[in-house]
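Participant: This is what each chain is made of:
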Amino acid sequence: MSLGILGTKLGMTQIFDDAGRSIAVTVVQAGPCKVTQIKTNETDGYCAVQLGYGDVKEKNLSRPERGHLAKSGSEPLRHLKEYRLAEVGDLTLGQSIGASIFEDGQFVDVAGTSIGRGFAGYQKRHNFRRGPMGHGSKNHRLPGSTGAGTTPGRVYPGKRMAGHMGDAQVTVRKLTVVRVDAERNLLLIKGAVPGKAGTLLNIVPAKRVGRAKA
Amino acid sequence: MNAQEIVRSIEAEYLKPASDLPTIYVGDTVRVGVRIQEGGKERVQPYEGTVIAMRNGGISETITVRRTFQGVGVERVFLLNSPRVAEIKIVRRGKVRRAKLYYLRDRVGKATRIKERFDRAK
Numbered sequence: 001m002s003l004g005i006l007g008t009k010l011g012m013t014q015i016f017d018d019a020g021r022s023i024a025v026t027v028v029q030a031g032p033c034k035v036t037q038i039k040t041n042e043t044d045g046y047c048a049v050q051l052g053y054g055d056v057k058e059k060n061l062s063r064p065e066r067g068h069l070a071k072s073g074s075e076p077l078r079h080l081k082e083y084r085l086a087e088v089g090d091l092t093l094g095q096s097i098g099a100s101i102f103e104d105g106q107f108v109d110v111a112g113t114s115i116g117r118g119f120a121g122y123q124k125r126h127n128f129r130r131g132p133m134g135h136g137s138k139n140h141r142l143p144g145s146t147g148a149g150t151t152p153g154r155v156y157p158g159k160r161m162a163g164h165m166g167d168a169q170v171t172v173r174k175l176t177v178v179r180v181d182a183e184r185n186l187l188l189i190k191g192a193v194p195g196k197a198g199t200l201l202n203i204v205p206a207k208r209v210g211r212a213k214a
Numbered sequence: 215m216n217a218q219e220i221v222r223s224i225e226a227e228y229l230k231p232a233s234d235l236p237t238i239y240v241g242d243t244v245r246v247g248v249r250i251q252e253g254g255k256e257r258v259q260p261y262e263g264t265v266i267a268m269r270n271g272g273i274s275e276t277i278t279v280r281r282t283f284q285g286v287g288v289e290r291v292f293l294l295n296s297p298r299v300a301e302i303k304i305v306r307r308g309k310v311r312r313a314k315l316y317y318l319r320d321r322v323g324k325a326t327r328i329k330e331r332f333d334r335a336k
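Protein chains in written order, with this note's numbering: chain H, 1 to 214; chain R, 215 to 336.
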């Protein structure tokens, strides 16, 4: 229920903190995002803002998309994302939102599309162990048994098998924002985030999971 | 600025100025001053040995320094741009024909000597 931001993963590097420790960080281009739509209790029955991010040629947008963006007077934007809020507050249509909504040391959740690995086998996809490579063994990367025999006479649903891996939405929770560069709209986030450089990321303040400590 | 340039510009803020780091070659004997925190006090501890490997890569540039201490081989990897590495002094330039001197790990005593070269400034 808080405002996040859309961004692009730029790559990873390392920096040094005050104690001289090296920290692996991901550099993220966070915004600038435009407020393209504001939803309120009166108009939509709930409160939310829609943010737009990323350059795109106008000809690549459909007429309905262009019309929607024209309402907020924003330039053509590639990605739109809605954030539920408790109340809209002082956000206005067309307002620009940058990395400055975050601060140093804050925890964030980062969601993105993981690196696609195509049709992956058992070892890579589910961390199965492989069979022996020698001593006459022909069972190198096979799955082993997939279940009992005549009873039940079928493989149970959910049996882990080879198949498409990666290229799915992954959220990494509770990453630390090491540094915010409000001028260039950059975030330095400690650790790795999903996907390759250039992937679209959704960065939101960390969602607290579990019961609060009494 | 493209993505790569932005990442480089962030690294640049943490890189040491070129004058702080001497030109190090594999085979050199170096003395590295390591900053150590001890009970709230900070001091610089020297560590001397042979550079047996280097890894380039901007901010993540490292050298591996090997020495034999009390008959036990010790190898330490130093992040050259780290603030913990206070100073690096070249003690001796060595003449070697490999980029990685891992063969020194299998040798002891006199066999670990490296011929000195005099055509490179210290």
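Some hints could be false.
Stated by the list, open to error - Dumping the calculated EDC-like pairs for lysine to aspartate or glutamate here, alpha-carbon to alpha-carbon at most 16 angstroms:
#1 K190/H <-> D104/H
#2 K230/R <-> D18/H
#3 K190/H <-> E225/R
#4 K190/H <-> D90/H
#5 K336/R <-> D234/R
#6 K39/H <-> D90/H
#7 K230/R <-> D17/H
#8 K190/H <-> E42/H
#9 K230/R <-> E262/R
Bear in mind the hints are in silico, worked out from the structure with no lab data behind them.
Participant: Run every hint past the structure and note whether it holds.
Facilitator: Status of each hint after checking the structure:
With a C-alpha separation of about 11 angstroms, the suggested pair K190/H and D104/H falls inside the 16 angstroms cut-off, and the hint holds. A hinted pair counts as satisfied when its Cα atoms are at most 16 angstroms apart, and K230/R with D18/H qualifies at roughly 15 angstroms. Restraint check for K190/H and E225/R: the C-alpha separation of about 15 angstroms stays at or below 16 angstroms, so the hint holds. For the proposed pair K190/H and D90/H, the alpha carbon gap of about 31 angstroms is over 16 angstroms, so the pair is violated.
Between K336/R and D234/R, the direct Cα distance comes to roughly 14 angstroms. Compliance with the 16 angstroms bound is thereby established for this hinted pair. With a C-alpha separation of about 13 angstroms, the suggested pairing of K39/H with D90/H holds against the 16 angstroms cut-off. The suggested pairing of K230/R with D17/H holds, with an alpha-carbon distance near 14 angstroms, which does not exceed 16 angstroms. Note on K190/H and E42/H: the hinted pairing is violated, with a Cα-Cα distance of about 40 angstroms set against a maximum of 16 angstroms.
Restraint check: the Cα-Cα separation between K230/R and E262/R comes to about 21 angstroms, which exceeds 16 angstroms; the hinted pair is violated.
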